[in-house]
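Undergrad: Protein chains in written order, with numbering that gives the first Met the number 0: chain A, 0 to 196; chain B, 0 to 176.
If you're looking for bench data, these hints aren't it; they were derived computationally from the structure.
These numbers were taken from a predicted model, which means no experiment stands behind them.
Fair warning: there could be bad hints in the mix.
In silico DSS-like links for lysine-lysine, alpha-carbon gap of 25 Å or less [said to hold, decoys possible]:
id : chain 1 : residue 1 : chain 2 : residue 2
1  : A       : Lys126    : B       : Lys47
2  : A       : Lys38     : A       : Lys27
3  : A       : Lys38     : B       : Lys47
4  : B       : Lys47     : A       : Lys119
Spelled out from the first residue to the last, the chains are:
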Amino acid sequence: MVNYIWLGMIVFGILTAAAHGQVEVVTKAALEGAANGVKVSLNLIAIIAFWLGIMRLAEAAGLVRALARLVRPLTAVLFPSVPREHPAMGAIIMNLSANILGLGNAATPMGLIAMQELQKLNRGDPKTATDAMCTFLALNTSCLTLIPSTIIGIRLMHGSADPTAIVGTTIFATACGMAVAVTVDRVMRYIYSNQGR
Amino acid sequence: MYEIISEISRWAIPLTLLLVPLAAMVRGVPVFETFVEGAGEGFATAIKTIPYLVAMLVAINIFRASGAMDVLVHTLSPYLNRLGFPAEVLPHAVMRPLSGGAALGIATDLIATHGPDSFIGRLVSTMQGSTDTTFYVLTLYFGSVGISRYRYAIVSGLAADFTTLAASVFIAHQVFR
Numbered sequence: 000m001v002n003y004i005w006l007g008m009i010v011f012g013i014l015t016a017a018a019h020g021q022v023e024v025v026t027k028a029a030l031e032g033a034a035n036g037v038k039v040s041l042n043l044i045a046i047i048a049f050w051l052g053i054m055r056l057a058e059a060a061g062l063v064r065a066l067a068r069l070v071r072p073l074t075a076v077l078f079p080s081v082p083r084e085h086p087a088m089g090a091i092i093m094n095l096s097a098n099i100l101g102l103g104n105a106a107t108p109m110g111l112i113a114m115q116e117l118q119k120l121n122r123g124d125p126k127t128a129t130d131a132m133c134t135f136l137a138l139n140t141s142c143l144t145l146i147p148s149t150i151i152g153i154r155l156m157h158g159s160a161d162p163t164a165i166v167g168t169t170i171f172a173t174a175c176g177m178a179v180a181v182t183v184d185r186v187m188r189y190i191y192s193n194q195g196r
Numbered sequence: 000m001y002e003i004i005s006e007i008s009r010w011a012i013p014l015t016l017l018l019v020p021l022a023a024m025v026r027g028v029p030v031f032e033t034f035v036e037g038a039g040e041g042f043a044t045a046i047k048t049i050p051y052l053v054a055m056l057v058a059i060n061i062f063r064a065s066g067a068m069d070v071l072v073h074t075l076s077p078y079l080n081r082l083g084f085p086a087e088v089l090p091h092a093v094m095r096p097l098s099g100g101a102a103l104g105i106a107t108d109l110i111a112t113h114g115p116d117s118f119i120g121r122l123v124s125t126m127q128g129s130t131d132t133t134f135y136v137l138t139l140y141f142g143s144v145g146i147s148r149y150r151y152a153i154v155s156g157l158a159a160d161f162t163t164l165a166a167s168v169f170i171a172h173q174v175f176r
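Turn these sequences into a full structure, and let the hints guide you.
TA: Pasting the structure below:
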């Protein structure tokens, strides 16, 4: 699927640019995209190093396992393939909590740690996503944020009389998205496992 | 309510920074060494995501700069309009899963043009806040552990994005009209 989307964006993009008689923008856009990818990764080094250090301490202190134990009733339903009290569970919960609190800088490293832990449990092809990874990403990409601070800031900047008016509607919309994400994930997991994919 | 949550967000990281090393110290963990050991893996983890992000951002950038994105928006417009989606917010809706920065730019522009307290301004604020940049997150997270076969992750991500969009339009009509 990702192969088709990727190729589709490039082919459709180049054809459109050619049809508009401005095929040269493709070269510039491609190089800019590549530079951006490198920049994003390099910017991640600092926060990932920092949070990996803190997480290693939390793990050594037994806090990650304690957290995993605390939320077991919920995670046992969502992630049946992850052993109970596995550190992956603790990292997943910390990632989702950081997302909910709107702490993007902390959420990403925790999420990457969760992925590393989930990859350790991958018994199949190391290049193929596992069920638990798909569920985690479905939760992560649709995750609730209690306070969308970036957009509130922009509203305030443009002189909104009530910048937080959108908090309630945002929570409603995210909750719907999250419910669908979890449901679709379940259905797709079932379909894929029946087809042995 | 808003103030309470803001306070929790403000305190969450400093408190974590205080309590985690203290708890580790109590358990007899050599805190400095352990932190350094963990942080040492940060470089490799971040660097590993480069090829994946480069691949994805090159494709998205070509798609956007070439005008193909606008073609897609124009093609989808009549269908989405019939479902009650205002035409003004469509570019944002299509951009949101692909590029967080570009979507935020569109949202800012709409808020500046229509006013933050207009229907469009509030709708696009809701849309911006209620979902994440699905393609970026998938590329980054899977890339960090070397996974290139995403199976059905894109399907659930996009289904959630579409639901969030529809729910935003629905709730905005209920609350802000």
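Undergrad: Given the hint that Lys47(B) pairs with Lys119(A), test it: the Cα-Cα distance must not exceed 25 Å.
TA: Satisfied, since the Cα-Cα distance of roughly 16 Å is no more than 25 Å.
Undergrad: Regarding the pair Lys38(A) and Lys27(A), is the alpha-carbon distance no greater than 25 Å?
TA: 16 Å, holds
Undergrad: Decide if the proposed pair is consistent with the structure: Lys126(A) and Lys47(B), CA atoms, cutoff 25 Å inclusive.
TA: 14 Å, holds
Undergrad: Run the distance test for Lys38(A) versus Lys47(B): straight-line Cα separation, threshold 25 Å.
TA: Between Lys38(A) and Lys47(B) the Cα gap is close to 13 Å, so the pair holds against 25 Å.
No hint from the list above goes unmet by this structure.
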